[in-house]
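Chains as they are written, first to last, in this note's numbering: chain V, 1 to 390; chain G, 391 to 687.
Hints should not be assumed to be uniformly reliable.
Label pairs and their in silico Cβ distance ranges [as the list claims (entries may be wrong)]:
id	chain 1	residue 1	chain 2	residue 2	range
1	G	D675	V	D159	52 to 58 Å
2	G	A489	V	A86	34 to 40 Å
3	V	A87	G	P492	28 to 34 Å
4	G	A489	V	Q361	46 to 52 Å
Partial chain V-side listing against chain G, Cβ under 8 Å, derived [to be verified]:
id	residue
5	I74
6	G124
7	C264
8	V268
9	D269
10	Q318
11	R333
12	F337
13	S341
14	F344
15	R347
16	R375
17	T377
18	V381
Calculated from the structure, these hints are not laboratory results. Note that beta-carbon positions come from the ideal geometry of N, C-alpha and C, so glycine has one too.
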Amino acid sequence: MADARYLLSPEALEGILDRFAADGTLVGPVRRGGDVHFLPVARAADVCRDYVNTLVPPKRWFLPTPERLAGYRIRGGRPEPDGGEAAPRELVFFGIRSCDVAGLVQLTRFFSGETLGRPDLADGPFLRRRERATILSVVCQRPAETCMCVCCEGGPALDAGYDWQFTELTGGWLVEVGSERGAALAGRFAAELAPADGRAVRERDERVRTVVEEFHRASRRRVQTMAAGRMVSRGRLGERFWEDLGRRCVECGGCANVCPTCSCFNVVDVPAVGAGALPPAGAPEPAAPGAPTAPGTEGSYSRLRLRDNCLLAGFVRQAGGSYPRATCGERCRTRFFHKLSWQFVERVGALGCTGCGRCVQVCLARIGIDVVSQRMTDALVAAAAPAKGA
Amino acid sequence: MASVAALPSHGGPDLYTPRAVRVLEVREEVAPNPATATRRVVTLALERGSLDYLPGQFLHVTAYGGGEIPISISSPHGLAGALHLTIRAAGAVSAMLAASRPGDVVGVRGPCGNAFDLDAAVGRDLLFVAGGIGLAPLRGVLAQALLRRADFGRIVLLHGARCPGELLYEWQWPEYERQGVELLLSADRGDGCWERQEHPPRCVGLITSLFGQARIEPERTSAFICGPPIMIELGGRELVERHGVAPHRLLTTCERHMKCGVGKCGHCIVVDRYVCVDGPVFRYDELVALGAIEPAW
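Excised from the complex, chain G in its bound form:
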């Protein structure tokens, strides 16, 4: 993780006041499907202005007149152009945000939290394991890695979801592959058609069933894993225990309900950590240690 002092942060008299920014573009990533209980997922491209951040950090995003929720930033930092937030319409406020149209105005506070430390992985292979919308926070750090592609060895992205329709950023897969990302897909259930296609390589089953195909060389691998809690628990354990990835080289993010994003409201506490300030990025071994008191996933 990057040290806190080096991170962009916000505070001061307007700690709880959002800044209004325009929605430039809305892309539907996942169409809602009642048959599979699939919620709509959209990516909002927002005016970036002077806002800078590091991958892994998140914003508190206001649907004006509705409320505020934390959302991971899913675009790389330091670039001109838009800031991307990928939002699943899961609750009241996220549904309002997911219904945004270009030209609408949303509020942002932040950036909040710590970040993925990509510098510590220079010269190593990068393994990204993303379950469902867990790819959103990893997309920023993946993009960051691709901006300095020569600094890293192999870059492998394992992306799985409950069903093929919930896989994210399909439009970007060709670009990833062009830049040398080895992409492997999984879906817990197929749809009769998806699993018959050959490219990108895929399997029906849990995302952990891709680990064998990923040709992981543990001593030179830094891994990033994001997704539902059960996936982080089982996936993390399997990467460490069966595939030999060093626990301190496995970074993950902890997702918690939060109201302030600035270490005050108390909602995101896990054991003695405030996910909004001490996280959301944690090392796997840290979370295992916390698990003696309370499961972090």
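Only chain V is shown next, with the shape it has when bound in the complex:
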């Protein structure tokens, strides 16, 4: 059953993870240096247990960069299809946090074409990876200082989007089944799973409530959604607001890179051999580093998908000279409009931010979504306040 709940002992969880690891399908949080990343796991013991969240979201497993979308070979001046894509492997992701599950739900709706009402334009490479992924998420009970999922329906626990959702309880784990795939998995591990009693479910609810209450009591950070959404959606934040933001932004693109819902990409055709060679002096600028600037001759080419970023200056610049968002402030507006506006909430069915707080962590200029949404709220208050001297 897709909404069943089970109890799992810590030893049984280790056993299950070890079986996935032995199959070579387990991906989990692994400590590398000072950071935690989602990496293939050979033994359950390698899975990091005391992490809050990974430095980058697991989206790179679904949208790897670079990713080969297609390929062709030019022979005698004629192109021929070159090599089909290998089917992606079955993978089991253990330890994904709710904010990232919420991000993955959005990406799946977007790449399936559902968000834009165009299922005929489904993105095969993404969906093939997603279809072969099992999501075993873990409810956060020790959020980071930057975590704000409570503001954004991004956690700490979710109602859907996972195959299994784990919550650590005293002396064991509560497993919530969220999909048919999860139900099938529960069938496979029926011997290890015991039906959850009311006490376990109450303990889970109590633990989730504690996280939410603690956030409201102690956290200094918020993703402001109401007032900020109103200001950005109606275009009430004037040019000055965006100019100020643009002056602070250093255009590193870090925020979009670590955002679990950002997915913009570039596409380039590069030769399979000789990629990265320097172009001759005087040659036109390549579309991307390593991209060719003259028609290809004989040989194999790959069409690659590369992560791109709406804050970068070249994102919308056109060859004909038109440059719709020439200033950094205008590009900031695009990013925050996509994250917070009612228009996108309407289209996507959710806020473009799941509250993971990574943009707060990586922003060199300290203009993460908490600060910017607070500024938007302040702008509303300022607009509503009577003018000085009135």
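Knowing the structure of chain V, use the given hints to seat chain G on it.
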């Protein structure tokens, strides 16, 4: 705009894989001229195969071994024969495509995007306002209108460019006029010779200076405007505010950098619209409304 469901589209497992088609013919429309910073413009006639589309839609065109760019289709749909793409050598890939020779092979994906809704203009006068290479996407819908000429009243084409050498499809003007198109030309700057000729009627100045001569009857006019962003902004405003054209009867196209053409890469987003899927054809009043957030031109 035609409804999305009725449009030819592409998708499925090969969303990003181009189909190889042969270049049948190459016609140089505009010769490059460094003195006026004029880029070369060519029209490629491509094998059409089974590809169908509606005017206003565009293709993603691959220069094999180079890359891929979006190009408007500039021939009418539903006909046997070639498919036309008019390409200005503006960047790396467009320059590669513009250097194509007959017999070369290019890749196409698509058609992408929505289309001009000509049915909504039946019984009305059609006004086409085309700045420079903006005539390329309008050429398809103009040709479509001429295939059913009796369905429409007057058909007026205003075509302007920065200089006379950048006016497009001069070879086709006599044919347009034979079919009852009233053609008026403009050039921002003359060349000392062009402006002295009398036919077709012309003026030196911005294309908006032709509006007065076009004898627009606003209540029966459906207008189509394509060109550089500033022309769409000023031209659209003047048509609506000074000449009384209804904003919802004024269709335009939005041009944006794009990488996928299928609503995924995010490059073409204007406010909350994906130009590649929700556009490229927009009503003028839609774009004005979007302008509260971000100028669409």
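Results for each hint:
| no. | hint | result |
| --- | --- | --- |
| 1 | D675/G x D159/V: 52 to 58 Å | violated, 40 Å |
| 2 | A489/G x A86/V: 34 to 40 Å | holds, 35 Å |
| 3 | A87/V x P492/G: 28 to 34 Å | violated, 40 Å |
| 4 | A489/G x Q361/V: 46 to 52 Å | holds, 48 Å |
| 5 | I74 | holds, 6 Å |
| 6 | G124 | holds, 5 Å |
| 7 | C264 | holds, 3 Å |
| 8 | V268 | holds, 6 Å |
| 9 | D269 | holds, 5 Å |
| 10 | Q318 | holds, 5 Å |
| 11 | R333 | holds, 7 Å |
| 12 | F337 | holds, 7 Å |
| 13 | S341 | holds, 7 Å |
| 14 | F344 | holds, 5 Å |
| 15 | R347 | holds, 6 Å |
| 16 | R375 | violated, 17 Å |
| 17 | T377 | violated, 18 Å |
| 18 | V381 | violated, 21 Å |
Of the numbered hints listed earlier, those contradicted by the structure are 1, 3, 16, 17 and 18.
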